[in-house]
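Peer 1: Given chain A, put chains B and C in place with the hints provided.
Residue numbers (this note's numbering), protein chains in the order written: chain A, 1 to 365; chain B, 1001 to 1258; chain C, 2001 to 2397.
The hints are simulated quantities; they were obtained by calculation from the structure and are not laboratory data.
Built from N, CA and C at the ideal position, the CB exists for glycine as well.
Hints are supplied without guarantee of correctness; some may be wrong.
Claimed, not checked - Stretch by stretch, here's where chain C covers chain B in the computed footprint (C-beta under 8 Å, at least three residues): (1) 1092-1102; (2) 1113-1124; (3) 1163-1169.
Claimed, not checked - Partner residues aside, some chain B positions facing chain A, computed with beta carbon under 8 Å: (4) H1024; (5) G1028; (6) E1029; (7) H1031; (8) E1067; (9) Q1070; (10) Q1071; (11) E1227.
What the hints assert, rightly or not - Pairwise CB distance ranges, derived in the manner of DEER restraints: (12) D1144(B) to G2037(C): 57 to 63 Å; (13) H2293(C) to P1143(B): 27 to 33 Å; (14) P1143(B) to V196(A): 46 to 52 Å.
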Amino acid sequence: MSDFQPHPDLAPPASTVGVIGWLRVNLFSSPMNTLLTLVGLFIIYSLIVPALDWAIFSASWVGTDKNACSHDGACWVFVGQRLDFFIYGFYPKAEYWRINVVFVLLALLIIPQMIENAPYKGYLGWFFLIGFPIIAGILLLGGIFGLEPVPTDKWGGLALTLVISFVGIVAALPIGILLALGRRSEMPVIRTMCVVFIELWRGVPLISVLFMASVMLPLFLPEGTNFNKLLRALIGITMFQSAYMAEVIRGGLQAIPKGQYEAAAALGLGYWKSMGLIILPQALKLVIPGIVNTFIALFKDTTLVLIIGLFDVLQTVASAIVDPAWPEVSTEGFIFAAFVFWVFCFTMSRYSIALERKLHTGHQR
Amino acid sequence: MQNTAPQETTETQKAGIIQMIGVHKWYGEFHVLKDINLLVDQGERIVICGPSGSGKSTLIRCINRLEEHQQGQIIVDSVELTSDLKHIEQIRREVGMCFQHFNLFPHLTVLENLTLAPIWVRKVPKAEAEEIGMKYLERVKIPDQAQKFPGQLSGGQQQRVAIARSLCMNPNIMLFDEPTSALDPEMIKEVLDTMIELAETGMTMICVTHEMGFAKTVANRVIFMDEGQIVEENEPNEFFDNPQHERTKLFLSQILAH
Amino acid sequence: MSDQADKAGTTVAKPPPWNDPFVRSIFFQVVAIGLLGYFFYSIFDNTLSNMAKSGVSTGFAFLTREAGFGILMSLIEYDETHTYGRTFFVGLLNTAIVAFCGIILATILGFVIGIARLSNNWLVSKLATVYIEIIRNIPLLLQIIFWSVAVLQALPDPQNSIKYGESFFLNNRGLFLPKPIFEDGFGLVTIAFLVAIAAIVYIKRWARQRQEQSGDQFPVFLTSVALITGLPLLVFLAMGMPISWEYSALERFSFVGGSNIIPEFMALLWALTMYTAAFIAEIVRSGIQAVSHGQTEAARALGLRNGPTLRLVIIPQAMRVIIPPLTSQYLNLTKNSSLATAIGYPDLVSVFMGTTLNQTGQAVEIVAMTMAVYLTFSLGISAIMNWYNKRVALVER
Chain A
1 MSDFQPHPDL APPASTVGVI GWLRVNLFSS PMNTLLTLVG LFIIYSLIVP
51 ALDWAIFSAS WVGTDKNACS HDGACWVFVG QRLDFFIYGF YPKAEYWRIN
101 VVFVLLALLI IPQMIENAPY KGYLGWFFLI GFPIIAGILL LGGIFGLEPV
151 PTDKWGGLAL TLVISFVGIV AALPIGILLA LGRRSEMPVI RTMCVVFIEL
201 WRGVPLISVL FMASVMLPLF LPEGTNFNKL LRALIGITMF QSAYMAEVIR
251 GGLQAIPKGQ YEAAAALGLG YWKSMGLIIL PQALKLVIPG IVNTFIALFK
301 DTTLVLIIGL FDVLQTVASA IVDPAWPEVS TEGFIFAAFV FWVFCFTMSR
351 YSIALERKLH TGHQR
Chain B
1001 MQNTAPQETT ETQKAGIIQM IGVHKWYGEF HVLKDINLLV DQGERIVICG
1051 PSGSGKSTLI RCINRLEEHQ QGQIIVDSVE LTSDLKHIEQ IRREVGMCFQ
1101 HFNLFPHLTV LENLTLAPIW VRKVPKAEAE EIGMKYLERV KIPDQAQKFP
1151 GQLSGGQQQR VAIARSLCMN PNIMLFDEPT SALDPEMIKE VLDTMIELAE
1201 TGMTMICVTH EMGFAKTVAN RVIFMDEGQI VEENEPNEFF DNPQHERTKL
1251 FLSQILAH
Chain C
2001 MSDQADKAGT TVAKPPPWND PFVRSIFFQV VAIGLLGYFF YSIFDNTLSN
2051 MAKSGVSTGF AFLTREAGFG ILMSLIEYDE THTYGRTFFV GLLNTAIVAF
2101 CGIILATILG FVIGIARLSN NWLVSKLATV YIEIIRNIPL LLQIIFWSVA
2151 VLQALPDPQN SIKYGESFFL NNRGLFLPKP IFEDGFGLVT IAFLVAIAAI
2201 VYIKRWARQR QEQSGDQFPV FLTSVALITG LPLLVFLAMG MPISWEYSAL
2251 ERFSFVGGSN IIPEFMALLW ALTMYTAAFI AEIVRSGIQA VSHGQTEAAR
2301 ALGLRNGPTL RLVIIPQAMR VIIPPLTSQY LNLTKNSSLA TAIGYPDLVS
2351 VFMGTTLNQT GQAVEIVAMT MAVYLTFSLG ISAIMNWYNK RVALVER
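With the rest of the complex left out, here is chain A (with noise of 0.2 Å):
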């Protein structure tokens, strides 16, 4: 019985892999392909690299005023000067570690959460949706504990987009879940209502909800309550985005299957029951990436706040442009503030693919 012997493995043809064969493989495969390269290339070469070199190689970077920039490139000292002010708005100087610490606090909280098998997640989960935002309010707003009181029309920069935008989502989330099942409620009244909260609030844009919060909403209250201009902002923005949430979550419910229901209910289970223990649970982490979608979504739409005359990051911007001391930094001043908003929600949504990657491994049979 003669043996197998395996044929050896030969090195592939020169010209179908290292650096010579990706080029061919990957932009001179075709003469089309060559074409698309060139073009390619010229856009790289027309835009990127003058760009490149306007906000990097030819920039200003230090000194303390105008004089320090040269015209060739970004004036990137305007920043610098004003970051106080895109930071932390009209918050007294003084005051600035209590904000700090509400920064440095979050970013403690986040980071175990995006850790897998990070110690007492669950517990540090809610503590953030919970306890965080009562210690951040008490930080920023003062007045107790010694604290000096620091009214919210003082608040601003990016301290006050993310608290804008963390206030949206965390209020929004248990209105979204009510809502969500609601909507999948067996009650026709119950459902309706929910269903027309729902697409109602989805139906307009956000640049209306905020103008209705800030005219119709004192018309509504009772004669003597007055509420400011954040927290009418932040009750819009708040129904708003509970709308979209519903829809997210309820996308998850719908995504377990029946047996999971019949099995709670064969548990003897009741409604709240079974949902809170056994739906709910499975069906918000489905939900995630689609939740920190929608904050991202949010974090975006803070910006037009400034609309109804809050200064968020944008505005702080765009009023600071305006400055005679410094003329001609307005693309400067975009820049940075794009560049802000790019690296939160170019993080979030990286992290939202990676979490999606892996519950869907997760969940194939």
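Peer 2: Below, chains B and C without anything else, positioned relative to chain A:
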């Protein structure tokens, strides 16, 4: 090998309808096909088996150039496969293929699946194409499903539609890439029966499968592949009863163990 | 439970009402209606008394009053003497035109970028990815303000306009184009255009019938392109080019004559297009990727060429996946056009919810009318979408 040509094809017999000469293929650095030499005569029925990752599928996918080979020659029906689009089109018209996962077009009805290629490739009038389609649907015994969508059929029925779809192009050669691997056991038989009937018409068939019963009854030749090369080829009785290589023996013992 | 038992006529004991799911359900719903009713009643009551106190009138009578403010851009005739009702329509049309142009441009750009993202060409696909990842992670409002402030306001003043020939002028007042003036005989060109469209429809039908009968294919696409450009052009030339242009000309400090696209419109349209295109590109990419590779292989194995494979197999399947999210992007674009307020483009929100509301103070009516416009649009589109989804859903076992 040539003397194992089938008996029923007499006058149209054509030697070497598929010729593979010294074919090599790489996926990046990975050498998938190593020096493949294979001659298939008109009317021959060949079963290719071997462990997964041995290059069986890649080999038959090279025949209609769903995969490109990088060295050697493949000549199908006296047309050499190069990157010449005309040749590729010509060969694909002559070579039918059935896939493991059927790959029926879910947005078209069964009949539309069947008539798509005749209408758009062979330029057959619609009514005629539908007639041909119904003929082949009857041949695979599901004419009543013509107006349904693929998603409404069972796996076995879907694979039979896929076979009929290829036959509508009136091919000289049929390639089967593990046609029964994605099916439930009770459906395998109906697909194999269809394939056996097809074999009886004298169609040239190359079939990647692990259905050894099918190989014994239908094939003229069984080819065993491992690590990207043909280890052994023989007519079925000899192949199963008296394998020449230790590697083949091991494979057969694993596959026939239950 | 209980009603079923009754119907069956069995002697199952009726549970006490507080444990009867049917009674409970009724009770909860009645409570819900009651609470909602009270909520609306109190809002209504408060609003009325608040408005009475501040002396604001109610009702829609204001719509017939003279507006007394000018609007930067209007597609219909409008000046200060027109009514508030008219301002509503001016705003509505301005929203519609920017949304319409935006949808068309964003669709084109989005499809190009989405397909580029899937290109075999590494460089092209990476450039598309970079575009998508940058644009969609930056707030739209920021982009709108950026284009409006940093780019368009940085344009030269009218005296130093950027010129393209002697007919196109770009400056900080906008883009000035020659205005076409149609002379006698241009009507025939329009007719030729319509005839071309009719001919294309006819040829398409004829080609399909011929193919069904004889199997012969006809190059419908090329013929259509030739017809739709050739026929009107031929008539145009034959009539002796019955069109003349009114050119913009610099008079002292500004341009007169010609047509003018205001910079606010350009900035808004540009930003909306860029932003929405990034999302559309992702939708297109995932739609095409959702069609499994096996489908392409099967079509190839049957001998179909690339063109028919795309047209008959890939696109019909991809479009089912693409169209629903695509329409929701169209809706988003329309809603996002309301950000025009921030740069002073006179859209519905800016003109009506902004200026008109400030002047009349009739917040409830105005906010309700504005929201109703967007809402009607959204609900209309989603109704169409539901219908579409039902129609194209793949039939499965």
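Peer 1: Now tell me if each hint is right for this structure.
Peer 2: Hint check:
1. 1092-1102: The restraint on the segment 1092-1102 of chain B holds, since 7 of its residues have a Cβ under 8 Å from chain C and three suffice.
2. 1113-1124: holds (count 8)
3. 1163-1169: Held - the segment 1163-1169 of chain B has 3 residues with a Cβ nearer than 8 Å to chain C, which meets the minimum of three.
4. H1024: Holds, because the Cβ-Cβ distance from H1024(B) to chain A comes to roughly 7 Å (cut-off 8 Å).
5. G1028: holds, 6 Å
6. E1029: holds, 6 Å
7. H1031: holds, 5 Å
8. E1067: The hint is violated - E1067(B) has no Cβ within 8 Å of chain A, the shortest such distance being about 13 Å.
9. Q1070: holds, 5 Å
10. Q1071: Nearest chain A Cβ about 7 Å off; hint holds.
11. E1227: holds, 5 Å
12. D1144(B) to G2037(C): 57 to 63 Å: holds, 58 Å
13. H2293(C) to P1143(B): 27 to 33 Å: holds, 31 Å
14. P1143(B) to V196(A): 46 to 52 Å: holds, 51 Å
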